[in-house]
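S.K.: Protein chains in written order, with our numbering: chain A, 1 to 385; chain B, 386 to 677.
Keep in mind that the hints were calculated from the coordinates and are not lab data.
Here the structure is a predicted model, which is why all the values come from computation and not from measurement.
Even glycine gets a Cβ: it sits at the ideal position worked out from N, Cα and C.
There's no promise every hint is true.
As the list claims (entries may be wrong) - Partner residues are not named here, just some residues of chain B that face chain A (Cβ under 10 angstroms, in silico):
| id | residue |
| --- | --- |
| 1 | Y388 |
| 2 | I390 |
| 3 | V426 |
| 4 | P438 |
| 5 | P440 |
| 6 | V448 |
| 7 | E454 |
| 8 | S459 |
| 9 | A461 |
| 10 | G462 |
| 11 | L467 |
| 12 | Q492 |
| 13 | A497 |
| 14 | G631 |
The primary structure of each chain is shown beneath.
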Amino acid sequence: MSAAVNRLLLSGNHAVSYAVKLARPNVIPVYPITPQTPILERITEFQSDGELAAEVITMESEHSAMAAAITASLTGVRVFTATASQGLLLMHEMLHYAAGARAPIVMANVNRTLGSPWGFWPDQTDSLAQRDCGWIQYYCENGQESHDTTLQAFRVAEEVLLPAMVIHEAFYVSHAMEAIELVSQEQVDRYLPPFDPPHRLDPRIGESWGNTVSQIMFQNHRRDMSEAMDRALEAAKLADRQLQRLVGRGHGIMERYRCEGAEFVIATMGSMTGTARDAVDELREEGLPVGLLKIKLFRPFPLEDVREALAGIPKVMVLDRNFSPGLGGILFQELKAALYGMDGAPQIHGYLAGVGGTNISPAAIKEMVCSAMTEKPTANSVWKG
Amino acid sequence: MSYKIEEQKVFNSGHSACPGCSEALALRFILNTLGSDTIAVVPPSCIAIISGPQPLSSMRIPVYQTTLEASAASAAGIKRALVSKGNHHTSVVAIAGDGGTYDIGFQALSGAAERGEDIIYICLDNEGYMNTGSQKSSATPSLAYTTSTPAGKLTPKKNVAEIMAAHKIPYMATATTGYPDDLARKVARAKEIKGGLRFIVVLTPCIDGWGIADKAGPRTSRLAVESGVFPLYEVENGENYTLNHGPSGISVADYVSGQKRFRHLSVGEVDLIQKEVDRNWERLEVKFCSEA
Ligand code: SF4
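Please put together the full structure from these sequences, using the hints given.
M.R.: Structural data, given as structure tokens:
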């Protein structure tokens with residue numbers, strides 16, 4: 001609209017911090033961990049400069065940070081926190097509690113390798129290991145996407161009452177500087193009205209949470225979460241379209257890049273999408289009908305959209321920067337499951353590429369495409385890179 | 386120092402505690418004193434069971450049941466959210482057992498104390514994991530039988546009162562259900578002090594885990610005080626110690642003789658406990674003297 005474009009040179013992490021400031025959360029419990037720390041540092045600076053009127057709680061652990069985030073959210077206010085890697089794992093128990101309590105917390109997670117051994121590199125296993133906790137999960141390709149998606153995540157989470165994780169990778173995104181177009185405060189205020197839920201912890205209301213339940217009550221509760229996840233898929237699409245209308249920029253919940261007439265599609269998530277995009281451009285230039293499918297919304301999994309996107313494609317190559325020992329690449333397995341039973345389902349090659357943060361170049365991806373084109377796919381993931 | 390407990394009907398009858406449970410008694414005194422403008426956090430514990438299965442509740446206030454480690458952090462989250470909404474009047478209280486306080490919940494408690502979270506934290510201390518059938522916690526006293534220390538616990542009880550006082554929190558107190566008006570007065574004091582974590586550890590004899598008669602809870606807790614096993618005192622800002630009820634010539638033998646968890650003890654072992662209690666009291670007594 002009329003709002004002047006505010007473009008700043010920011011790291012992916014600071015792009016998130018700015019989005020958080022714009023979302024006006026009330027409570028932010030945080031604990032530092034590399035490579036998330038710059039998100040919290042910038043937030044505490046905003047708060048101490050008076051630019052952000054939030055209760056920032058510098059917790060003694062991530063477990064406590066998530067515990068405080070849950071109850072603050074249940075008290076009826078907007079809540080943000082951020083973490084990475086071991087910190088996310090320390091929260092694991094509370095992640096289930098957050099979703100079970102239907103607390104619409106938004107959390108940034110910076111993908112980093114899990115110990116042991118100790119490492120600091122981009123690897124998505126930390127957040128993918130939380131896929132069954134009942135959190136909405138967005139995987140972002142770059143800082144701009146993380147900025148915009150953080151705002152969308154608040155909207156979706158608060159609409160369906162499920163917590164949401166906005167995820168980007170260590171260093172490649174968290175610390176890389178980019179020109180980021182900030183959404184203006186006026187636009188955000190229009191996009192994201194204050195969170196004011198009718199059900200909350202309040203002596204005037206007297207509602208309680210978390211007591212013991214019967215088997216059937218528990219099952220019904222899980223079914224309600226399942227319905228909320230279904231609604232989250234539609235809500236996420238809508239939230240993206242509405243932000244696009246406001247700022248002229250959308251990312252979708254999934255992206256098909258140069259898939260017209262493609263006979264081979266590379267599927268991936270996160271920062272490797274950017275590299276794969278370059279590889280696709282070069283392969284197309286060389287006359288090969290190759291396209292790209294980026295999965296951005298991983299939970300809820302966009303099953304129908306993925307089936308539709310890959311219908312009629314003979315071959316798909318999944319690049320996984322994550323590893324489930326005893327199974328292989330997680331996206332590979334999820335895609336195979338998603339396409340199960342589909343008429344003329346594509347052959348799927350699963351490549352473990354970039355696990356532990358190893359650099360995968362466009363040239364390496366092109367080589368993988370060439371070999372996949374001639375080879376038969378295997379049921380197991382294949383180590384590459 | 387008598388204090389009148391008004392019946393506010395914040396705690397209902399018909400809850401699911403064992404008959405004669407001191408925790409239920411303590412809850413009644415605590416909730417009556419805090420009143421209805423309160424939000425409680427409860428971790429897994431006997432209190433969680435007493436508070437009732439969904440959709441029932443024995444407490445007429447909002448209760449959030451959190452995880453075993455997280456009581457203090459969960460309470461802090463509620464308080465900060467209330468403050469962010471401009472509500473400075475609602476009390477937020479965490480009510481946890483000794484396992485959830487001395488052991489697994491200690492990190493969150495210490496963190497909240499250090500940050501000066503404006504919450505009340507009450508530990509209902511029945512000296513063991515009684516809700517799971519009487520296993521040892523770090524609040525279990527020396528030589529006591531539990532199902533995980535069948536030969537008697539070989540190490541002394543962790544002194545959580547002094548550890549919390551050392552955090553220099555505005556208010557720390559010990560209390561027990563055998564002295565209800567003292568307990569209620571301390572809860573009222575904790576409510577009245579604003580800012581910072583206020584901590585009260587309440588000794589609550591467990592009928593089942595201690596092996597005492599249904600009606601013996603209050604008497605047992607009085608013996609704990611009179612024998613010097615559990616002196617009742619308050620500490621403000623980690624420095625100002627006030628004694629409320631100290632030892633009054635009752636021996637440890639008198640205290641332990643009524644409890645099945647100590648019945649395997651020899652005379653010599655009881656004497657060892659007596660010496661430990663005497664030493665603890667000597668260490669504590671000076672702190673009151675220096676204040677006088
Ligand atoms: S086990 Fe002990 S503390 Fe728990 S309800 Fe029964 S008597 Fe009370």
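S.K.: Now, for every hint given, state plainly whether the structure supports it.
M.R.: Status of the hints after comparison with the structure:
1. Y388: Not OK, violated: B/Y388 not within 10 angstroms of chain A, min 23 angstroms.
2. I390: violated (20 angstroms)
3. V426: holds (7 angstroms)
4. P438: holds (5 angstroms)
5. P440: holds (8 angstroms)
6. V448: OK, holds: B/V448 within 10 angstroms of chain A, min 4 angstroms.
7. E454: holds (6 angstroms)
8. S459: holds (5 angstroms)
9. A461: Cβ of B/A461 sits 5 angstroms from chain A, so the hint holds.
10. G462: Since the shortest Cβ distance to chain A is 3 angstroms, the answer is holds.
11. L467: B/L467 check passes; min Cβ-Cβ to chain A is 6 angstroms, inside 10 angstroms.
12. Q492: holds (6 angstroms)
13. A497: Given a least distance of 8 angstroms, the restraint on B/A497 holds.
14. G631: Status violated, d = 34 angstroms.
In summary, the numbered hints that this structure violates are 1, 2 and 14.
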